[in-house]
Amino acid sequence: MSTAVSQIDEIKTTPWSGGRSPFNVEYGKIMMWFFLLSDAFTFSSLLISYGALRFSASVWPAADKVFQSVPGMIDHGAPLVFVGIMTFILILSSVTMVLAVEAGHRNAKKEVIWWMIATVIGGFMFLGCQALEWAHLHHEGFWWGSTPPLHELKEFFTEGAGTDATRHLTSQEFANLFFTITGFHGFHVFTGVIINIIITVNVLLGTYEKRGSYLMVEKVGLYWHFVDLVWVFVFTFFYLV
Amino acid sequence: MSSDSQEVHHEEGDHATMTKGRIIKVALILSAITAVEFIIALILVPKGILALQYANPVYIVLTLFKAFYIVAFFMHLKFEKMGLALSIIVPILFIIGLILVLTNESHHWITLRG
Numbered sequence: 001m002s003t004a005v006s007q008i009d010e011i012k013t014t015p016w017s018g019g020r021s022p023f024n025v026e027y028g029k030i031m032m033w034f035f036l037l038s039d040a041f042t043f044s045s046l047l048i049s050y051g052a053l054r055f056s057a058s059v060w061p062a063a064d065k066v067f068q069s070v071p072g073m074i075d076h077g078a079p080l081v082f083v084g085i086m087t088f089i090l091i092l093s094s095v096t097m098v099l100a101v102e103a104g105h106r107n108a109k110k111e112v113i114w115w116m117i118a119t120v121i122g123g124f125m126f127l128g129c130q131a132l133e134w135a136h137l138h139h140e141g142f143w144w145g146s147t148p149p150l151h152e153l154k155e156f157f158t159e160g161a162g163t164d165a166t167r168h169l170t171s172q173e174f175a176n177l178f179f180t181i182t183g184f185h186g187f188h189v190f191t192g193v194i195i196n197i198i199i200t201v202n203v204l205l206g207t208y209e210k211r212g213s214y215l216m217v218e219k220v221g222l223y224w225h226f227v228d229l230v231w232v233f234v235f236t237f238f239y240l241v
Numbered sequence: 242m243s244s245d246s247q248e249v250h251h252e253e254g255d256h257a258t259m260t261k262g263r264i265i266k267v268a269l270i271l272s273a274i275t276a277v278e279f280i281i282a283l284i285l286v287p288k289g290i291l292a293l294q295y296a297n298p299v300y301i302v303l304t305l306f307k308a309f310y311i312v313a314f315f316m317h318l319k320f321e322k323m324g325l326a327l328s329i330i331v332p333i334l335f336i337i338g339l340i341l342v343l344t345n346e347s348h349h350w351i352t353l354r355g
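Chains as they are written, first to last, in the working numbering: chain R, 1 to 241; chain X, 242 to 355.
Just so you know, not all the hints are guaranteed correct.
[To be verified] To give an idea of the chain R side of the interface with chain X (calculated C-beta under 10 Å), a few residues:
1. F34
2. S49
3. A63
4. D64
5. S69
6. G84
7. S94
8. I197
9. V201
10. W224
11. H225
12. T236
[Unchecked claim] Computed footprint of chain X on chain R; a stretch qualifies when at least three of its residues, placed anywhere within it, have a C-beta under 8 Å from a C-beta of chain X:
13. 23-33
14. 37-46
15. 85-93
16. 118-127
17. 135-146
To be clear, the hints were calculated from the coordinates, so they are not data collected in a lab.
All figures in this text were calculated on a predicted structure; none of them were measured in a lab.
Note that beta-carbon positions come from the ideal geometry of N, C-alpha and C, so glycine has one too.
Isolated chain R (complex conformation) (with noise of 0.2 Å):
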C-alpha cells in the first residue's frame, strides 16, 4: 500500500479554499471594517448633498470670512487658525492611538493605558472646541433653519457677490449642512470617546491580559482613526474648498 496521495486528493491550503477566513482577520476586525465601510457610505451620502447643493449656488458664504476668530482670544482676521488647531488636535489623537495599538502587539499593558488616556484627553479636546465652534457660529445667528439678519449677511460673502435674496437662500443652506454634518462627525467622536474609555477601563482592569491580546484595542482603534479621516474630509470641504 502506498501513503502516497494522488493530485486531485490533496487538501488544497490557499486562502480560499474553505476551512479558514481567507482575509485571515479576525471576525470582530472584519466586521469593525464592514461597519465603517457603511459609516463611509453614510457620511459619503452627507457630502454628496453638500456638494450637489454648493456647486449648483451662485454664490457661497466664503469658507475664511465665516470662520476666522479663535473663540476667547482672536475675535477677527484669523482664518482658519482655529479649525487648523483642531485638525492637529484629531491627527494627534490618532497617532497616540496607533502607538496604543503598537503597544498592545509588545503586551505593555502600562504603555497602551497611558497612550489610550493621551487618546481620550484628544478626544475630549477636539469635543471642547467644536463645542466653542458651534458656540461662536450660533452666535452669530446660523443655526439649523436660521441665518444672521439680511444686511449682517454681506460680511460673510466675498465682496459684491449674490443679491439678499440669494445670499440669505445659500446661507441657509451653508447653515443647515454645517452643522448637519460636523454634528453628525461630532457624535462620532463622542462615540468614539466613550467606547475609548471602556477600552481602556478594561485595559486597567487587566481584561485584555488575561485574554492574552489587545485585539480589542486595534478594533475600537479602526474607528477611531475613520473619525480622523472623516475630519480630514469635512475639513477640507468645509473649510478649504
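Following the hints, complete the assembly by docking chain X onto the known chain R.
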C-alpha cells in the same frame, strides 16, 4: 514549499509592520500635508499666486493623500490580505464615481435655480 514560504512571510508581515519610527514618520507626513494646505489657503490664494479654481483640485489631491496614509498605515490596511483591502476599496471607488457624476451634474443645476 511555496505555501511554506508564504506562511513565514505572513508571520513577519503581521508583527514587523507599524514600528514606532514608522508611526512617527506617517504622523510627520500627515502634519506636513496639512501644513501645505494651510500655506495654500492662507498665503498662496490671498496673494493671488494660485487661483482658487486651481487650488481646489490641489486640496482634494492632498486630502486623498492624507486619506491614503491614514487608511494604509494607521488602519493597517496595507498589511492586510489583498481580498480584505479590495472589499473595502472597490465600494469606495463606486462612491467616488457617484461624487464625480453628481458634482458635474450640479454645475448644470445652476441654471435651474434662482
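Are 3 or more residues of the segment 118-127 of chain R near chain X, judged by a Cβ distance of less than 8 Å? With 0 residues in contact (Cβ-Cβ under 8 Å with chain X), the coverage given for the segment 118-127 of chain R is violated.
Less than 10 Å between beta-carbons is the criterion; does V201/R satisfy it with respect to chain X? violated, 23 Å
Check whether three or more residues of the segment 23-33 of chain R sit with their beta carbon closer than 8 Å to a beta carbon of chain X. holds (count 5)
Annotated coverage of the segment 37-46 of chain R by chain X, confirmed only when three residues or more have a Cβ within 8 Å: holds (count 4)
Proximity test - 8 Å, beta-carbon atoms, the segment 135-146 of chain R to chain X, at least three hits: violated (count 0)
Can F34/R be said to touch chain X, with a Cβ gap under 10 Å? holds, 8 Å
Cut-off 10 Å, beta-carbon criterion: hint that W224/R touches chain X: Holds, because the Cβ-Cβ distance from W224/R to chain X comes to roughly 9 Å (cut-off 10 Å).
Let me know if the C-beta of S69/R comes in closer than 10 Å to any C-beta of chain X, holds or violated. violated, 15 Å
Taking the least C-beta to C-beta distance, is S49/R closer than 10 Å to chain X? holds, 9 Å
Interface hint outcome for G84/R [beta carbon to chain X under 10 Å]: holds, 6 Å
Using 10 Å as the Cβ threshold, decide whether T236/R counts as touching chain X. holds, 4 Å
Taking the closest Cβ pair, is I197/R under 10 Å from chain X? Status violated, d = 20 Å.
Checked against the numbered hints above, the structure violates hints 5, 8, 9, 16 and 17; every other hint is satisfied.
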